[in-house]
Amino acid sequence: MPEISASGAAAAKPAVVHADTTAKWFVVSAISYFFLVGIIAITIAAKFVWPELLGTVAPLSYGRLRPLHVNGMLFGWLLAADMGISYYIVPRLCGVKLWSEKLGMATAALWNIIILGAVVSLMAGWNQGLEYAELPLPLDVLVVIAWVMFGINIFATIATRRYQQMYVSLWYTMGTILWTAFVYITGNFATEFTTGVNQANLNWMYVHNAVGLIFTPVGLAIAYYFIPKSSETPLYSHKLSMIGFWSLSFVYVWTGAHHMLHGPISQWLQTIAITFSVMLLIPVWAVVYNFFATMKGQWHQLRDNVPLKFLMSGTVFYLLTCFQGPMHSLRSVNAIVSKTDWIPGHAHMAVLGAFSFFAIAGSYYIVPRMWNTKLYSDVLANWSFWMMILGGLGFFVTLWLGGFWQGWQWNNPSIPFIDTVVALKPIWLVRFCSGVLIFSGIVMFAYNVMATVIGRRSYVQ
Amino acid sequence: MFSKADNSAAWAVVLALVLFFIGGSITTVVPPLVDKSWGRPFSNQDPSKGPTGHLRPYTALELQGRGIYVREGCWYCHTQQTRTLVADTKRSGWRGVDSPISTPDEFVYDKPHMFGTKRTGPDLSRVGGKYDTQWHRTHFRNPRDLVPGSVMPPFPWIANNDAEFRALVAYIQTLGRAKDWRPDKDYEK
Chain A
1 MPEISASGAA
11 AAKPAVVHAD
21 TTAKWFVVSA
31 ISYFFLVGII
41 AITIAAKFVW
51 PELLGTVAPL
61 SYGRLRPLHV
71 NGMLFGWLLA
81 ADMGISYYIV
91 PRLCGVKLWS
101 EKLGMATAAL
111 WNIIILGAVV
121 SLMAGWNQGL
131 EYAELPLPLD
141 VLVVIAWVMF
151 GINIFATIAT
161 RRYQQMYVSL
171 WYTMGTILWT
181 AFVYITGNFA
191 TEFTTGVNQA
201 NLNWMYVHNA
211 VGLIFTPVGL
221 AIAYYFIPKS
231 SETPLYSHKL
241 SMIGFWSLSF
251 VYVWTGAHHM
261 LHGPISQWLQ
271 TIAITFSVML
281 LIPVWAVVYN
291 FFATMKGQWH
301 QLRDNVPLKF
311 LMSGTVFYLL
321 TCFQGPMHSL
331 RSVNAIVSKT
341 DWIPGHAHMA
351 VLGAFSFFAI
361 AGSYYIVPRM
371 WNTKLYSDVL
381 ANWSFWMMIL
391 GGLGFFVTLW
401 LGGFWQGWQW
411 NNPSIPFIDT
421 VVALKPIWLV
431 RFCSGVLIFS
441 GIVMFAYNVM
451 ATVIGRRSYV
461 Q
Chain V
1001 MFSKADNSAA
1011 WAVVLALVLF
1021 FIGGSITTVV
1031 PPLVDKSWGR
1041 PFSNQDPSKG
1051 PTGHLRPYTA
1061 LELQGRGIYV
1071 REGCWYCHTQ
1081 QTRTLVADTK
1091 RSGWRGVDSP
1101 ISTPDEFVYD
1111 KPHMFGTKRT
1121 GPDLSRVGGK
1131 YDTQWHRTHF
1141 RNPRDLVPGS
1151 VMPPFPWIAN
1161 NDAEFRALVA
1171 YIQTLGRAKD
1181 WRPDKDYEK
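So the sequences go chain by chain: A and V.
Heads up: the first sequence at position 422 corresponds to 422 in the numbering used here, and the numbers run straight through without jumps.
Heads up, the numbering used here is the position in the second sequence plus 1000, with the first residue counted as 1.
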């Protein structure tokens, strides 16, 4: 890592003091939304078990809370946390202060306005009707503005860097900013000018790449930074990280049409999407091998290093979810699992199991350092890990089993559809209970961070 | 070529964008230019080529109903695509007649598209004409009165709002009707 290699030079010059105001605001508001949207999450899980629950109140109906859950978790929690952590990582990897804390603060304020606007509009039913792109147009415009502000700040920091060689996390952060701009515009603006299958194709390009070219690269930037940092071990291979990054930038964008396999979309496009989905194994395995090889001889550290527990289990979930993805895109497997409850199991493993775990690890690592204190409770942090991993596994595994079973039933048309719904009820009950476990982990995580920040005086070193 | 991006941010930016745009343009801009059926409304008068009929634009009432379908998030649990799977054509079928598969030219007037990703409830791509207005009113009041075991939420604020209810049912009755696929023309109003 450049930080380590350049430490001699850094010692000669006065050390950079990082203000981290922007990172602090982003991380604290992201964690607040993680908690608040977690309440929505278990509410909609409960609605599968008790369909009448809050059923007569329009703003609290399933169809309005589901987009609030998805958008709240994606943009309110995960992306905001990822941005906050990037504001922490990038100046350190560049050996300079963040280009502008003022611009960063304005970005944080704007981001909070967007999320609050999203809550109001989604509950009011002001929904654009496209998955992940539900937010009304004025909010989309604000997202673009905030993203440009974020991009300017990060790129300007990189442009003024003291270390010439850029660590892999910096490429991933730059890639995220660039690709997100185009992916977001495709999904939220280009769709305005299209209809039917053409619009669906752009929509799936966006949905797929929201995960693949937004949350994946920024999540990997975080993992690439914190795995060596928190284990105090150098990264195994620079070459592998290059293979992972450049193959990701080429391969990911082709795969959107795999969301409509067997559906009313051109066969040749389905075949392209399948081919490139399988090729995704290359960037994924390059990254995962690199992380595992970095940990060689260091696995004992997992015993009492909570950020490392989140990072390495996140890596395992990343490997699993990115093995599932290419396999689902094979026509034979897709005919069974597509549209079933398997899919939310898969999606939650990516966004919660992999990328949220990376963001949680990053938060646990940076919060005590930014406030110059120590974590409120390591025991509680450990509990938050076990709650989330047990709840997470309960959630993922039951939905895979249930979804696979559901798919087999659907493929036997002599079974009436309603029987396939009734069959899933025990699955949904387990999913709700797993959700409660995950939520209790979120509460412990959020409480721990807030207590660290608010009660820090007693810990000043 | 790639090693140069280690030290040059500008080079990294250019390379990351070029690689991205190759796939990005081939999979988004090119397909509608190649496949004309994505933009041409369905029309067929020749029974030897499959179901006859033609796709007409939505009326104002149907569009209002479609807006309600979007607003209430019906599309989070109901897909609108009869896929090229035997089971789908049977499940979308009705009274022993299999449904034709969905084709891109049936969705030209759909904005936003409502293909969906998740089937918590049954697919609705051919639901038009299967159930009458009274059935829908009872079903929206409480789905479990008609379908025991259903997990669909009740929608009293639609069932009790005559204007919204009529619009929504008008939209539902259009679904899958561009193709005149019922041999006995036994569509409900």
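Worth double-checking, as some hints may not be accurate.
Distance condition first, Cα-Cα at most 30 Å in a straight line; then the derived DSS-like pairs of lysine-lysine [claimed, not checked]:
(1) V/K1004 with V/K1049
(2) A/K239 with V/K1004
(3) V/K1185 with V/K1090
(4) A/K425 with V/K1118
(5) V/K1036 with V/K1118
(6) V/K1090 with V/K1049
(7) A/K374 with A/K425
(8) V/K1090 with A/K425
(9) V/K1004 with V/K1189
(10) V/K1004 with V/K1090
(11) V/K1130 with A/K97
(12) A/K102 with A/K229
(13) A/K296 with A/K239
(14) A/K374 with A/K97
(15) V/K1118 with V/K1130
(16) A/K97 with A/K229
(17) A/K229 with V/K1189
(18) V/K1004 with A/K425
Listing some non-contacts, in silico: residues in chain A with all C-beta distances to chain V over 10 Å [claimed, not checked]:
(19) L103
(20) L178
(21) A273
(22) V333
(23) W371
(24) N382
(25) W386
Hints are computed from structural coordinates only; laboratory data are not their basis.
In this text, a Cβ means the ideal position worked out from N, Cα and C, and glycines have one as well.
Do the hints match the structure? See the list:
1. V/K1004 with V/K1049: 57 Å, violated
2. A/K239 with V/K1004: 13 Å, holds
3. V/K1185 with V/K1090: 18 Å, holds
4. A/K425 with V/K1118: 16 Å, holds
5. V/K1036 with V/K1118: With a Cα-Cα distance of about 28 Å, the restraint between V/K1036 and V/K1118 holds, given a limit of 30 Å.
6. V/K1090 with V/K1049: This hinted pair holds, its Cα atoms lying about 20 Å apart.
7. A/K374 with A/K425: 44 Å, violated
8. V/K1090 with A/K425: 24 Å, holds
9. V/K1004 with V/K1189: Judged against 30 Å, a Cα distance of about 67 Å means the pair is violated.
10. V/K1004 with V/K1090: 57 Å, violated
11. V/K1130 with A/K97: 65 Å, violated
12. A/K102 with A/K229: 28 Å, holds
13. A/K296 with A/K239: 17 Å, holds
14. A/K374 with A/K97: At roughly 23 Å apart (the allowed maximum being 30 Å), A/K97 and A/K374 satisfy the hint.
15. V/K1118 with V/K1130: The given pair, whose Cα atoms are some 22 Å apart, holds under the 30 Å limit.
16. A/K97 with A/K229: 19 Å, holds
17. A/K229 with V/K1189: 67 Å, violated
18. V/K1004 with A/K425: 55 Å, violated
19. L103: 19 Å, holds
20. L178: Its Cβ does come within 10 Å of chain V, the nearest being 6 Å, so this is violated.
21. A273: 8 Å, violated
22. V333: Holds: least Cβ distance 13 Å, greater than 10 Å.
23. W371: Answer for A/W371: holds, closest chain V Cβ roughly 31 Å.
24. N382: 35 Å, holds
25. W386: About 30 Å separates A/W386 from the closest Cβ of chain V, which puts it past 10 Å; holds.
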